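Asker: Respectively, the protein sequence lines represent chains E and B.
94 is the number of the first residue of the first sequence in my numbering; add one for each residue after it.
6 is the number of the first residue of the second sequence in my numbering; add one for each residue after it.
Hints were generated in silico from the structure; no laboratory data involved.
Small disclaimer: the values here were computed from a predicted structure and weren't measured.
Hints should not be assumed to be uniformly reliable.
Claimed, not checked - Residues of chain B clear of chain E, computed beta-carbon distances all greater than 10 Å:
| id | residue |
| --- | --- |
| 1 | 57 |
| 2 | 278 |
| 3 | 289 |
| 4 | 361 |
What the hints assert, rightly or not - Covered stretches of chain E (chain B as the covering partner; in silico rule of three or more C-beta atoms under 8 Å from a C-beta of chain B):
| id | stretch |
| --- | --- |
| 5 | 152-158 |
| 6 | 388-396 |
Idealized CB from N, CA, C, for every residue including glycine.
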Amino acid sequence: MTAAQWLLVIAWLGITAYALLGGADFGGGFWDALAGGPQRGSAQRGLIEHAIGPVWEANHVWLIFVLVLFWTCFPLVFASVASTLYIPLTLAAFGIIARGAAFAFRKASTELWQLRLFGGAFALSSILTPFFLGTVAGGVASGRVPLGITRGHIVESWLNPTSILGGLLAVGTTAYLAAVYLTADARRHGSVELAETFRRRGLAAAVVTGLLVLGGVAVLRADAPRLYAGLTGRALPVAALSALAGVVSVVLLIKRRYVLVRITAALAVAAVLWGWAVAQYPVLLPPGGTVSRTAAEPGVLRATLATTIVGLLLLVPSLIWLFALFQTQRPTR
Amino acid sequence: MPDLFAASATPADLMAARVQMAVSLGWHIIVACFGVGMPVLTVFAEWRGYRTGDDAYVRLAHRWAKVMGVLFAVGAVSGTVLSFEMGLLWPELMATYGQVFGLPFALEGFAFFIEAIFVGIYLYAWDRLSPRAHVLSGLPVCVAGVASAFFVVSANAWMNTPRGFDLVGGRVTHVRPWAAMFNPAMPLQVIHMILAAFMVTGFCIAGVYAVGMLRGRRDRHHRLGFLIPFIAAAIVTPVQVVVGDALARHLATAQPPKLAAIEGLTRTGSHVPLSVGGVFVDGELRYAIHIPNALSLLVGYRPSTVIQGLDMVAPADRPPVNPVHLSFQLMVAIGFGLLVLSAWFALAWWRRRDLPRSPWFLRLSALSGVGAVLALEAGWVTTEVGRQPWVVWQHMRTADAVNPAPGLWAGLLAVLAVYAVLTVATAYVLNRLRTRPVTAPQEEWADEALDAGTGTAREHGP
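Can you make the complete structure from the sequences, with help from the hints?
Answerer: In structure tokens form, the structure reads like this:
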């Protein structure tokens, strides 16, 4: 494999990590929005805040990691996507500001009106941000972002059937992942009731997202034939894996296997991303933007790959410690 | 290769993009300074509290950690917006030069990662780790904060002194990313920025406690809350003056038109005076006080040193003089003011081991944070506007880097609204943190709500 291919794999792993970890944090905001009034919803909100408080900033950095890898290693791809899709990306950026700031502000607040105001901003932006990022993915996947600065239509590139599908799928999967992850968190905190709540929500999200995917097949067939051909051709095993993992997750949720279902649910979502990648490879921006055509110079790729490997050696143990620390019960005070 | 120059932005859209970048960067740079400086002060206070058993230190560390948590969150998101804007607003810059100056950003990504991970641990694991382990968990935050500043400013320095690539037939080739990162402007610019971060953090926090002391709260908590950040900033200030002087001298060779704009110097020559104050009107600096030969002396240590004026470059390649000249003057004036304040403190401390007795010391200290932030912004305007009309010095014009998509001004309006709300909310929340009783950071309503909601009686230790 060339350095460009390695870096593409690492960047895609970064996108996967962002979807599975950062995505679940957005999903936490989704359930925060649906938790109900201040009295009834406070336990759910408490659990959500507890779960994402220590980790959301680290999870968010995966997005930065992916951005800088793309602009260093595939600069024209980054510039093409950013310039054509500047409207949904600007809206996603606003959502990122509102989500992060409001979450931190709510944590520092005590009065009900503040909790409501910041909580509302947190919840709403947690839904809108993945939606707009999903429209970006849909625009790229359906070939509406040509190589070059602002060469695509600045509205139709993200307001189209595939982009809307991408946006809804993003919201659905973040909500699904969050509900699944929260069941085990609730049980660890000793609350059967909360675990049951999120189990029901996880099942509902799984059904809705599953239906979206099935309907999405028809959308892709009509709106993104190239992607459809890839997904039903070369990427079919990956797509099948996603479907299988999704079904197994539902079974595990019904059987209350909350730790195991985390793995299968994450696998189902990750397989969607990798199915897209396999279907499209080696094209980054359809039709002409291949890996070899858009990659930076070899010297740049080698330097970036070397620093990325060194960086990951520092990063991975730190991340493991972070998650290990907060996925165990706190020692008695 | 597709045609990358099919359309171009209108002047109004270019100005909108520049203002949007200036607002979002000018906002982020303040919280970024706290991201560099505040962990060091907080971990120091916690360490002292842990070593001495003095509760005043511990309470300061708790309070500062909460403020740090809020500022880190808004810094993380406002920094993310900047990485979006690099592509949204300046796609030609990224398409052409992204691979040249991308490496420090990739490194910064890892520094930010480490920072975010350990900020999460530091803020939330107060009761999960031993005191010693907790202090140690703060150290990676301190290191990564400084490293982040180093990497990001390396990339900015590259825009001032672009290196590490060749242009063959207008195409960027033979890219040497390490040479780009370690460009000539990097060392001084990086040090200047990191020192500025400690000055901003130190004087701002000290200023808050100075206000409290002026209102009569002279207890140990306030005294230490003033002394720790003020001493840190006061130590840094004289070093910053020396570094700033070296940086200006560096401009005489690296970016002469920027220095000429800073000084309002139109004509190249020797025996150049230093111009203090004044306004640039009709191509001349008026109403300035001139110190004979001083600029030649500062740059080359002798009056005969030749300084290049604006006449050395074509009118289209000159930066706007007034914003550069005036913001530089403001930065230097505030810098020397803070130097005098620091010296005043040092004198009193040396003679009596106490703060100066005059209430004017606390009054000026209360304003020192605002002054440091103003100096920070003025310095940033000096280097950024002084680089114009180039985004990459003498290689790419800002006007050629901008996104040609229509409607950037609408984005600007939205950004102004978002940042106005963000500013008000941040100020409000910080002010509430100032007045609330202190607890360790993780003991929040979420815990209480969770406990109440689950109905579990979590075991509380004896």
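Asker: Flag every earlier hint the structure violates by its number, smallest first.
Answerer: Violated hints: none at all, because every hint is consistent with the structure.
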